[in-house]
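> As you go down the protein sequences, you meet chains W and L in turn.
Numbered by full-length UniProt numbering, the letters in the first sequence go through residues 1 to 299 in order.
Numbered by full-length UniProt numbering, the letters in the second sequence go through residues 1 to 358 in order.
Everything labelled a hint here was simulated from the structure, so no lab data went into it.
Idealized CB from N, CA, C, for every residue including glycine.
It is possible that part of the hints are untrue.
To be verified - Residues of chain L placed beyond 12 Å of chain W at every Cβ, according to the derived structure:
id : residue
1  : A51
2  : R76
3  : R174
4  : E180
5  : Y227
6  : R260
7  : A262
8  : A265
9  : L319
Unchecked claim - Derived, one-sided and incomplete: chain L residues facing chain W with beta-carbon distance under 8 Å:
id : residue
10 : F53
11 : P73
12 : H74
13 : N84
14 : F99
15 : G100
16 : D105
17 : R158
18 : N314
19 : F316
In case you want the letters, here they are:
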Amino acid sequence: MSMMAVAEQTETEPVVEKKSPGKALWLLAPGVIWMSLFLVLPMLMMVYVSFWTQTTFTIEPTLTLKSWVTFFTSDTYLGALWTTVRIWLIVLVATVVVGYPAALFVGLFVKNKALQTVLLVLCVIPFWTSFLIRVLAWRPMLGKEGAINMILMNLGITDAPIEVLLFSELSVIIGMTQIYCVFMVGPIAFMLGRIDTSIIEAAQDLGAGFWRIFRTIILPLSMPGVVVGAIFVSVMVLGEFATSAALSGRKVNLLGNIIVTQVGSLKWAFAAVAGVVLTILMGAVVAALLRIVDLRKEL
Amino acid sequence: MSTVLQLKSITKAYGDMRALNGIDLALPGDAYISLLGPSGSGKTTLLRVIAGFEHPDAGAILFDGKRIDTVAPHQRGIGFVFQNFALFPHLSVAQNIAFGLENRDVDPVTDRRIVDARVRDIISLVGLSGLEGRAVTQISGGQRQRVALARTLVTEPRMVLLDEPLGALDANLRARMRAELRAIRERCGVTFLHVTGSEAEALGMGDTVLVLESGRIAQSADSDTVYNRPASPAVARFLNCYNLFAGRIEGGAFVGGVGRFALGASAPTRAASPAYAIRYDRVSVRPRDTAIAEDEIRIEANFVASEYSGAAVNSFFALDDGKVFEVESHLSHAAPETYAEQGRYALVWKREDALVYA
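Kindly generate the complete structure, drawing on both the sequences and the hints.
Now the structure itself:
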C-alpha cells in the first residue's frame, strides 16, 4: 500500500465512526414508533382513564379519585389483589420445584445436544394445542367423576370423590403450574447447558460431593436462568384470567378476572384502576427479580 | 524413590477406538514427570482415568499402594489442573482457592482463620498477592493459570495432574511459567504429571519423560536419553528433530528409498519396523564435489528453502524420492550459509551418529 493510501485511510476513518451511531439509531425507529403507539400511549391512557368519573352506564373525562378510593376500600378488589399475589407466589414456587429438576436433568445430565433439544421440544408439545383446550382438558381429569378420582376410588384409596380437585384454588394452581412450567424449564436448562463440564469436574477433583457442588457451583451459575424463568412465569401468571375462570368456576377472582368483568360491564375507570395496580405490581416484581442477579453480566 | 502411582495394564476404548492400550507405569514421589504425546495418542484420556473422570475398561490403578479404580474422583486426593483452568466464574480469586479446603467431603476445614491463612500462604507461593479479591474474569491468562494451580495445591494432594497447563498461554509467558512450575513443585515436594504435546516443553521440564504413542508408553526415560536415543521410530518422529527413512537391513547396510547407508558399530535398536534416523543437527551441507571421509554417509538433494529461528537455521532439501530432508545449523558454530535455490548439494553425516531400528 502506498503512503498516500495509508494517509487517506487514517483521515477518513474517524469521520465514518462519528457518523455511524446516528445512522444506526434509525434501526430503532420502527420499534420505537410501534411501542409508543401501541404500548406507551395506551398505558398513559389507562392511567388517565383511571381518574375519570364513572357512572353506571357512562364515563366522563372529569378527573376524580373516586375509582381509586373504591378500589382500595372494597373487600372484593383487595381480596382479588391478595388472591393474585398468593396464587402467583404458589405457582412461582411450584414451577421452580417441578421445573428445576427437569432442567437439571436436561441441561446437565443429558450430554447429547440432539437429545437435549428433543427433550426441550417435548416440554413445549402441550403448546401445540390451543390454550382453551389445555385448560378445559383439566376438567375430565380433575372433576368429581374425573380420571384422578375414578382411579383413586377404584384402587380403594378413597371412598368418596375428592371435591377440592376441581373448581377450587388448587385446580387453578395445578393448571397454571402445568401451563407455565415450560417457561421455567427453558431458561434454566439453557443456563445449565452453558456450564463447562470441566468446572464441575474441577469441583469434584477438589473433593466436593454432588450436593456441595450443586449448592456452591451449579445453583449460583443457574440463577440467571431461574430469574429469567421467574420473570416469564410472573408476568404471565399475574396477568392471568382464563385459567382461573375455567378451572375455578368463577370462585377464584384474580385482578385479571376483575378487569374482564369491569370491561364487560363498561366500567372502564374501575378496569383502568385494576390495570394500573396490576402494571405497578408486575413492574415491582420484575424489578425485584432483576436485583437477585446482574443479568448484564450474563449476556 | 518411592512409587506414588502405579498403573497396571490399563485399557480404555471408545467404541472401536483404543485410546489406552495396556498402559504400565510407575511414577515416583517428589518428581516432575512430563508425558509427551501427539494429539490423539491418549494422553488426556490417561490423565482423566487417573483422576477418576473416566473408568478404565481393564487394569488396576494403585495410589500409595491402594487400589483407587473404584474410588470416586472427589475422594482420590489427586489434584487436576485443567487446560482451560476451569475456574469457578462466580467466585473471586481467594474464593476459588479456598473452595477445596471448605467444600471437600473428607476432612473439610471449617475454621475461617485457618482457611484464610492457608489461602494467603499459597497465594504468595504462586505469586498472586494483591489479587485475592479480584473476579477470575478480571485477571490475565497467566494469573488464571496460577489460580488454577494454587486452588489444587492448597488441598495438599500427593500428586498433581496437569493437562497441557501452558497450552492456553502466549509463548513468552509459557517460557516463564515453565521455570515457575518447576520451582513451585520443588517447594511443595509433590509429584507433577504434566501432559504436553510440545517436545521442547516435555524435555525441558520433566525429570522423567514419558512418551505416549497410540495408547501405549513408547518410552520412559530422562530427557537426554529420550532426545538422543528415542526408543522407537515413532518416538523419533514425534521429537521432531530426526530425518527418518524406512527400508530394510541387508548385509551390514540399511537399504532405503535414496540409497544404501553403511551401518556403524553399535547394534540396531529393536523396533516393530526397520527405520534409519539421523538428527537434523548431525548433518552437514557441502558442495557436491567435496570428498567424504571413510566413516561418513553422503546423499544428494535439492535445496528448497530455509527458516531462520534466531539461534539456528533450518534448511529443507528435497530428496530424489520426493521426501523432505531437514538440516539444522546452529549459528554459534558458523555464520549462516546461503544455498542456491533448487541447487544440488551433498548432505553428509557420520555413520555413528545415525540411529538404526530393526
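> Each hint needs a verdict: does it hold in this structure or not?
How the hints compare with the structure:
Separation of L:A51 from chain W is inadequate, the least Cβ-Cβ distance of about 6 Å not exceeding the 12 Å criterion. Some Cβ of chain W comes within 12 Å of the Cβ of L:R76; the nearest lies about 8 Å off, and the non-interface call is violated. Separation of L:R174 from chain W is adequate, the least Cβ-Cβ distance of about 20 Å exceeding the 12 Å criterion. With a cut of 12 Å on Cβ distances, L:E180 stays outside the contact zone with chain W, its closest approach being about 21 Å.
Every C-beta of chain W lies more than 12 Å from that of L:Y227, the closest at about 32 Å, which supports listing it as non-interface. At roughly 53 Å, the least C-beta separation between L:R260 and chain W is larger than 12 Å, which holds for a residue marked as non-interface. At roughly 53 Å, the least C-beta separation between L:A262 and chain W is larger than 12 Å, which holds for a residue marked as non-interface. For L:A265, the non-interface assignment is confirmed: its Cβ lies about 51 Å from the closest Cβ of chain W, beyond the 12 Å cut-off.
The claim that L:L319 is not at the interface with chain W holds, since no C-beta of that chain comes within 12 Å of its own (minimum 41 Å). The criterion of a C-beta within 8 Å of any C-beta in chain W is met by L:F53, whose closest approach is roughly 5 Å, and the hint holds. Taking 8 Å as the C-beta contact cut-off toward chain W, the hint placing L:P73 at the interface holds, the least distance being around 5 Å. Taken as an interface hint, L:H74 checks out: its beta carbon lies about 5 Å from the nearest beta carbon of chain W, inside 8 Å.
Using the Cβ-Cβ criterion of 8 Å, the hint placing L:N84 at the interface with chain W is satisfied: the shortest such distance is roughly 6 Å. Taken as an interface hint, L:F99 checks out: its beta carbon lies about 6 Å from the nearest beta carbon of chain W, inside 8 Å. Because the beta carbon of L:G100 sits about 3 Å from the nearest beta carbon in chain W, less than 8 Å, this interface hint is met. Given the 8 Å rule on beta carbons, the hint for L:D105 holds: about 5 Å separates it from the nearest Cβ of chain W.
Interface restraint check for L:R158: the shortest CB-CB distance to chain W comes to about 13 Å, outside 8 Å, so the restraint is violated. With a cut of 8 Å, the hint placing L:N314 at the interface with chain W is violated, because the nearest CB-to-CB distance is about 32 Å. Hint on L:F316 is violated. Least Cβ distance to chain W is approximately 31 Å, over the 8 Å limit.
Checked against the numbered hints above, the structure breaks hints 1, 2, 17, 18 and 19 and satisfies the rest.
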